[in-house]
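Put chain B on the given structure of chain A with help from the hints.
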Amino acid sequence: AQKVTQAQTEISVVEKEDVTLDCVYETRDTTYYLFWYKQPPSGELVFLIRRNSFDEQNEISGRYSWNFQKSTSSFNFTITASQVVDSAVYFCAFNKFYFGSGTKLNVKP
Amino acid sequence: KAGVTQTPRYLIKTRGQQVTLSCSPISGHRSVSWYQQTPGQGLQFLFEYFSETQRNKGNFPGRFSGRQFSNSRSEMNVSTLELGDSALYLCASSLGRLAGGHSTDTQYFGPGTRLTVL
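Protein sequence lines, in the order shown, are assigned to chains A and B. Counting in the working numbering, the first sequence runs from 1 upward without gaps. Counting in the working numbering, the second sequence runs from 110 upward without gaps.
Bound-form chain A, shown alone (with noise of 0.2 Å):
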């Protein structure tokens, strides 16, 4: 069976700190996508990224970017000079339908 764990429950740092949220998952298949998701405060999940599992490429958009390890089963989010609008919940997800608990962050001004 899939399983995702986000072993950070929540996250406190000052603004234009870096910050990496951390997503390992359990799985025996060979080809996988995994997401990221963010929900703000006001409950919406936002799609952030999808990858699968041949491309180990870390991705950058912005101030964010993804490590996909195979060889780890991670796939790591880095806030780089983190804002407060990047206060939310962030889950990463497997396959669609499993998602992990969840990564509470908050950005003090």
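Fair warning: there could be bad hints in the mix.
Under the rule of at most 30 Å between Cα atoms (straight-line distance), these lysine-lysine pairs were calculated in the DSSO-like manner [claimed, not checked]:
no., chain 1, residue 1, chain 2, residue 2
1, B, K122, A, K70
2, A, K70, A, K104
3, A, K104, B, K166
4, A, K3, B, K122
5, A, K3, A, K38
6, A, K104, A, K38
7, B, K166, B, K122
8, A, K104, A, K16
9, A, K70, A, K108
10, A, K38, A, K108
11, B, K166, A, K70
12, A, K104, A, K3
Derived CB-CB ranges, DEER-like [unchecked claim]:
no., chain 1, residue 1, chain 2, residue 2, range
13, B, T215, A, T5, 16 to 26 Å
14, A, K104, B, T116, 27 to 37 Å
15, A, K16, B, F169, 37 to 47 Å
16, B, G167, A, T5, 15 to 25 Å
17, A, G62, B, N186, 39 to 49 Å
18, B, S131, A, P41, 19 to 29 Å
19, B, L227, A, T9, 21 to 31 Å
Derived by calculation from the structure, the hints in this document are not laboratory data. Cβ coordinates follow ideal geometry from the N, Cα and C atoms, glycine included.
What follows is chain B alone, placed relative to chain A:
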């Protein structure tokens, strides 16, 4: 393009009642998935509908059911409500493409329906 819409946004029911929630997907999307989000259990998958058929199902009791119409709109029904059913119910839509037999395409979420059971 309009996003995923869910109605109603808030609902208050009492134990034993039943409730129906509605979800309208993004135009062109044929897959609709439902999730229950609670502080204790996190985000849990209920079921996915594709072309009016249930394609995947999570681990929820039979009190939770759904259906999908020919226009891809979906409804979720919960019968004999329990206090523990209080949650944010999220609907997500996607094109519904499969990869390796698995549903793996990107889904887009609606704002949710917050159900309170008293």
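The hints, checked one at a time:
no.: 1; hint: B:K122 <-> A:K70; verdict: 46 Å, violated
no.: 2; hint: A:K70 <-> A:K104; verdict: 25 Å, holds
no.: 3; hint: A:K104 <-> B:K166; verdict: 28 Å, holds
no.: 4; hint: A:K3 <-> B:K122; verdict: 33 Å, violated
no.: 5; hint: A:K3 <-> A:K38; verdict: 19 Å, holds
no.: 6; hint: A:K104 <-> A:K38; verdict: 10 Å, holds
no.: 7; hint: B:K166 <-> B:K122; verdict: 25 Å, holds
no.: 8; hint: A:K104 <-> A:K16; verdict: 17 Å, holds
no.: 9; hint: A:K70 <-> A:K108; verdict: 33 Å, violated
no.: 10; hint: A:K38 <-> A:K108; verdict: 18 Å, holds
no.: 11; hint: B:K166 <-> A:K70; verdict: 28 Å, holds
no.: 12; hint: A:K104 <-> A:K3; verdict: 19 Å, holds
no.: 13; hint: B:T215 <-> A:T5: 16 to 26 Å; verdict: 22 Å, holds
no.: 14; hint: A:K104 <-> B:T116: 27 to 37 Å; verdict: 28 Å, holds
no.: 15; hint: A:K16 <-> B:F169: 37 to 47 Å; verdict: 43 Å, holds
no.: 16; hint: B:G167 <-> A:T5: 15 to 25 Å; verdict: 18 Å, holds
no.: 17; hint: A:G62 <-> B:N186: 39 to 49 Å; verdict: 41 Å, holds
no.: 18; hint: B:S131 <-> A:P41: 19 to 29 Å; verdict: 24 Å, holds
no.: 19; hint: B:L227 <-> A:T9: 21 to 31 Å; verdict: 29 Å, holds
Going through the hint list in order, the structure does not satisfy hints 1, 4, 9.
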